[in-house]
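S.K.: Take a look at the letters that make up each chain.
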Amino acid sequence: GAGVSQSPSNKVTEKGKDVELRCDPISGHTALYWYRQRLGQGLEFLIYFQGNSAPDKSGLPSDRFSAERTGESVSTLTIQRTQQEDSAVYLCASSLLERVTSYNEQFFGPGTRLTVL
Amino acid sequence: SQKIEQNSEALNIQEGKTATLTCNYTNYSPAYLQWYRQDPGRGPVFLLLIRENEKEKRKERLKVTFDTTLKQSLFHITASQPADSATYLCALPSGGSYIPTFGRGTSLIVHP
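Protein sequences, first through last, are from chains L and H. Heads up: the first sequence begins at 1 in the working numbering, then just goes up one per residue. Heads up: the second sequence begins at 118 in the working numbering, then just goes up one per residue.
In short, the hints are calculated from the structure, not lab data. Some hints could be false.
Derived DEER-like restraints, expressed as beta-carbon distance ranges [what the hints assert, rightly or not]: (1) 16(L) x 193(H): 45 to 51 Å; (2) 63(L) x 144(H): 26 to 32 Å; (3) 156(H) x 74(L): 36 to 42 Å; (4) 96(L) x 172(H): 24 to 30 Å.
Non-contacting residues of chain L with respect to chain H, defined by C-beta distances greater than 10 Å in every case (computed) [to be verified]: (5) 13; (6) 22; (7) 78.
Even for Gly, the Cβ is constructed at its ideal location relative to N, Cα and C.
Can you make the complete structure from the sequences, with help from the hints?
M.R.: Here's what the structure looks like:
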């Protein structure tokens, strides 16, 4: 079976433009997470979905960031009016359940490397 | 909120030796702690989860310990191989949520 996929793998954009990042989770995984990883830094939690709803949006850095999920499947992270500080790798992960139990680990995609010029 | 500390300096060891990585946290003991491996240009890959009532967990050449008194987890790789070279991240829930917060990771370099 396929793992988590993300597209595009790389995105270069100009400051002020909007970008959309896509995540296809593992089929049947209820929970979906978005993280940001700046160069040499740890993972910064952005948002997670339980089904199609997002109970925790506390990690979104600003109102320029938004995300949605449809059909308990694909998710899109949108960044409006991109800034240079948005440059990072954006990682998506999915897990079978929204809560961590014995072996309910997160499965990560390869990430989208976003560069804002 | 929970602060997670992992050694930012790379750990260099010789092939065949045991690598030991440390993860310290500052506040309340979490319900669980996870270890992930991340290779350059890739997303993290889950390795092990240890719960608060477990002292030790093993998987093949990997061993994780969890000391809630010291607020510390140790991650051991025995008989290390150059292929074990990667960044290792620890993660634990914080802020009353089950969503894991990740440390910055420690880079392990195993020399042949």
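S.K.: If a hint holds in the structure, say so; if it does not, say that too.
M.R.: Hint-by-hint comparison with the structure:
| no. | hint | result |
| --- | --- | --- |
| 1 | 16(L) x 193(H): 45 to 51 Å | holds, 48 Å |
| 2 | 63(L) x 144(H): 26 to 32 Å | holds, 29 Å |
| 3 | 156(H) x 74(L): 36 to 42 Å | violated, 26 Å |
| 4 | 96(L) x 172(H): 24 to 30 Å | holds, 26 Å |
| 5 | 13 | holds, 20 Å |
| 6 | 22 | holds, 15 Å |
| 7 | 78 | holds, 20 Å |
Hint compliance for this structure: hint 3 alone is broken.
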